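Could you put together the complete structure from these sequences and hints?
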Amino acid sequence: MSKRRALLAVAAVLVLFFAGQTPAMAAAYVPINGAGSTWSENAIRQWASNVEQYGMRINYDGTGSTNGRNQFASGLTDFGVSEIPYGKDDGAASEARPKFPFAYMPIVAGGTSFMYNLKIGNSRVTNLRLSGDTLAKIFTNVITNWNDPAIKADNPGLVLPGRKIVPVVRSDGSGTTAQFTTWMVNQYPSIWNAYCAKAGRKTPCGVTSSYPLVPGTSTTAQSSSTGVSGYVSQDSSVGSITYVEYSYALNLHFPVAKLRNKSDYFVEPTARSVAVALLSAKINTNKSSGDYLTQDLTGVYNSGDARTYPLSSYSYMLIPVDQENTRFKVAKGKTLGDFSYYFLCEGQQQADQLGYSPLPINLVQAGLDQVRRIPGVDAQNVNIAKCNNPTFSKDGSNTLAKTAPYPQTCDKVGTTQCATGTGGAKANTPTSNGGSKNTPGTAATTKPGANPSGSTPTAAASTGTGTTGGGAAIDPDTGQAVGGTGGGGTDNAAAIPVSLSSQLDPTLKTVLIVVACGLLLGLTVGPPLVARMVNRGGRP
Amino acid sequence: MTRRWIAALIVLALTAIVYPQAPARAADEATTVSGTGEFADLKVTVSQTSNLINQVVSVSWTGGKPTVDTSVYLDYLQIMQCWGDPVTGPDRTQCQYGALFTDTRGGTWTGSRQVSYGGIFGEGWTDPNEPIKPAPGENAFVPFASVTGGTVTAGNGGEFFDASTTNEIPYGRTLANGTGQEFFEVQTGTEAPGLGCGEELADGTARPCYLVVVPRGETEINGSTGDKRPHNWLDTSPLEATNWANKIVVPLKFQTIGKACPIGSAERRTVGAEAMTEAMLRWQPTLCAGTSATVYGYSQVTDDIARTRLAGTDPGMIFVNSPAAPAATTNPQVYAPVAVSGLTIALNLEWQSGFDATDEERLREGRRLADLKLTPRLVAKLLTQSYLSGADLNRTTIRGNPQTISSDPEFIQLNPDFAKQLNLPIGDMLVPLGQTDLATRLWQWILADSEAKAFLTGSPDPWGMKVNPVYASQSWPQDNFPKSDLYCIALRADDQKDHDWCTLDMHPYANNMHDTARYAARGDTLVRNATSRDAVGAVIGWKKGAPQAPGKRAVLAVTDVATADRYGLPMAQLRNKAGAFVAPSTASLVAGVTTMTQSKTVPNVLEPNPASTNAAAYPLTTVVYAGTVPAAITAEAGADYADLLRYAAADGQTPGVHPGTLPYGYAPMPEALRALTVRAATQIQENAGKVPTPAAVATTTPVGGGSATGVPAPAKSTAAAAPDTGDKPSLAVPAATPTGHGSPVPVAQTNPTPGHPVGNLRYALIVALAVGLAAALAGPIFLLRAGRARRGGR
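Chains as they are written, first to last, in our numbering: chain H, 1 to 540; chain V, 1 to 794.
Hints listed in this document are in silico derivations from the structure and should not be mistaken for laboratory results. Bear in mind the structure is a predicted one, so any value in this text is a computation, not a measurement. Backbone N, C-alpha and C define an ideal beta-carbon position, used for all residues, glycine too. Among the clues, some could well be false.
[Stated by the list, open to error] Some chain H residues close to chain V (C-beta under 10 Å, calculated; not the full set):
{"hint": "1", "residue": "Glu41"}
{"hint": "2", "residue": "Gly91"}
{"hint": "3", "residue": "Gln187"}
In structure tokens:
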């Protein structure tokens, strides 16, 4: 013990000695805190932990965009984070805005992705593709079953089970909901308005942060991004689909749907496809507008680039500018300024890894202009020349967008479908002999081109034990053929239908019924008959 | 040959001396200071008062009057940190206090800086001791004077501190035996720039600060007690002159705050699993001060994402609990051990006397409990919504199961203390969302225990408790913490209407293990049971409710050892294969490392061995490995990563609280592992940027889908998969169909829907009919025979 103490004393002295050699540090950073979006929470919290080494303390609370805007307006936080500006959703009329000057600063881009939990037999589907209208209909309860012809048309290589679709939406005020509904309002107003009317909302129904629910449907509402993604990721949630930022699907290693863009390619929300999409974003560059730097995504939704993920967007930080307010003083401005410079430049290096997309140079530049307006900012640190953003290139173009690969031909609308996994589920969706994550036993499956129409359960029951080779699989419950309708070679994923519980063989069922009837008959009618026979025989 | 050498080295060193254990944390002398006057018996002890850094210290006391805890408290301690003159001590304007003024558990203004009280002490009465007098019709506050020169007069901390940054403890409660204890976060100038503690002064020393305790009794500033006041509780601020006069001052000496890294330079990227985060955050500020001045960036990701990155075109450096399975097609991967940690179940439990408690036991009321023994089966019960309060009390599928852990005979047998307490409201634990190798390890530990495995797969425990049927049909181990029994019940909201209240409202996930520990430390189960309204006041669902009250906390959290330690949480003792109950400690973690076996597929890597019967070993020990692909990184990156590994093998293994040390909770790596780390560093530095064989260069940009780097996820090393010690969960195997009744075409395989297993029940009909048939035939035969026999006997 005393030895240990002595050691420690020596260590302490050494530490003090070395510490004494270090020059006086620059003025300490004042801690700041913010709240809001869970869409961008995964990125913000990473940045906050990384700047600890620069002596900064940033606290962030993922409470949802609506709450983030409210708290910032009420002066409860130093910054807010939201996917939509003030006054853009249906709560606009009653939404309080900050009474002090503030600005929108883009912070991180990403794809609002559609994470789903779907199995064919025991194999997880990882290559689902959806058209925009199919997706809109799924989330408005028009399409309610995974074997719907519309989904089938999007997925020629999959034979999806007749399972109920459970759309999982956000129950709290959410910027992700706002982003998704902005897209529906813009692209599929009639589908969206019809749903809103059913849910008892005013029509035409605009952008909303709180998703409307129609009682009696299979839609379920969960709170926060962890809630919806956590719900979908459960074993018992097969059949569910939700909208959430891509990073959540990555962390849970779940797949996301490839979405059809205007060039008729189905595209995944990777960093690159989002970067390409945002090239078409129209940014409000009118500095006198209250919505300066906010986004108009119509161009993104309609982008003709084959590499575009149509539901791409970026989120904003709400920052106080131009002057101190009752809460925000210059001491905090230094922290917020340096933190912002960090995440707009160096911090974007992490974006891809975390499931986001780095901001392109035009947004970074505009963002840095806003950073310079923060009261108390150390403006000389805000230097675009030193900005280590991965999208920057010498000729000013977006490196990521430039190097983004074009989609494979099997991703094009048509009769084929790529087998490659998506999101956090990289395993291929099994064809005949599955990816690494698949359980064996999917061998009794489709051979392309087979045509087993006409088989019925009775036919199956009557012909005994023979097993015909080469025939296509038959669903034992419905007697329907299971499998592809021809088409795409190895792209044609094999499928096993899910039945509600394993049942007895139909032949056996018939036999059992006969036996049961015979027994009943025999036991009721039998004894008197036998008795009479016995009596007759017994009489002399 | 090398492998043999390595194995020999490991065996030698693991059995030999382990690096000197974590030094006792109390080494920096505790200080005890007594109160004065009314509080002369009060003795306050601060566990560490010199060499301080941003850390948590214990503030304990004896000789206090027990806190009266009816509606509003009487008799409590108010604790705060102040700066001040090194000779004369702190002035009340120099204290970080008043940010939690909305907490009125101790009185109306007791959490604030306010020194005006309207007319409650009589119209026009002011405290003669108090120099600050309110202007007519206005409130007066004790201003806050920052060490940087600014003054905030508005009654709050202004830009210097607020409710989310302050470390003040407005109500430290004294237990029935006159003692009390609080855990106080000491802040440096980085966390509390208004105090500037630890900042380097002109003479090169670090600025000292003070911990101030203002004890509160039952007397108010006008001398009134009890019912002689408008109400029988306190109202005034501890900064009020009369109250401030009772203060107990403990000087705090700090280490000089380390220099922060220079902002603006490009970071060398690393990504890693959460078990590495605490160490990396601690090392970062020191690493950038190294010879190469490299700043290292760190992103916390899941083990799976890290492994995916390693297989991509830009592997960088990753930190994982289990290595990726080696593939012949990729460039060689190099792994190096960097930290020894573990997964733990952290506790925030406070004694709440039950009806049977003795008077002596009642003295423990509200005290934090540090001992809890858990078997693999108890952990399985807590992780599978099998207690009623882990789902909801009326859940029919688990009817008959105990309501909470403390009504479970298995738990009470192991933890008899809890029989004397009120039923703990614990039916589950706070768990992180998403993939982690440590979850796999936890499930493997459960599966390695035969009784836990039997429970998990559907067999009842000896007291008849059965697993929630939703889980019985799942396949184990999983690499996350499922909450699979998803359903909703109706709950009455503030609008007096029923709203759907669902599983993830009752039992929400935490974002990660940092959050599980953080919320557990606050007594927050994250339950969403408060009515949530939209902007126009309509009820839209549920939001997070209030945390549990101090003294009545009961939360368990699954987290990593270092994070649990960061929040000062005690950790459960888990039963290992030898039958011993072991909590994580340096010794038990190192013993855990010794039980591991050399990986057969990945050189330099140890794998857990759930079958080991070392009684001293902590069963959920993990070794975190750094990994990279030298051929796929630049020479500069290789040199930087080598520097990082060398630091990790040397200074990074010295336990402590200051920058650059190993956070408590990690065990210093045994010497043999460090040798491997240093060797790997050399290997990485030498081979970085050099392509080993031309064949392996074919890393063209992939086309289309897949990950951003276009590389499929490597399969996890299979050696880490389930120990095949017994039969698989029976229901995971597709039921065999009866033979003899084939079909003309191959029948597609059907799979039982998970969650609704029918099992062999479906054959009951066949069996019943067969028996019936036999009986129907046998009956008359017997009758006939009997008849014949009778006739024959005549």
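Hint-by-hint comparison with the structure:
With its C-beta approaching chain V no nearer than about 7 Å, Glu41 (chain H) sits inside the 10 Å limit, and its interface hint holds. A distance limit of 10 Å between C-beta atoms decides the matter here; for Gly91 (chain H) the minimum to chain V is near 4 Å, and the interface restraint holds. Restraint check, Gln187 (chain H) versus chain V: the minimum CB separation of about 23 Å is more than 10 Å; hint violated.
Checked against the numbered hints given earlier, this structure breaks only hint 3.
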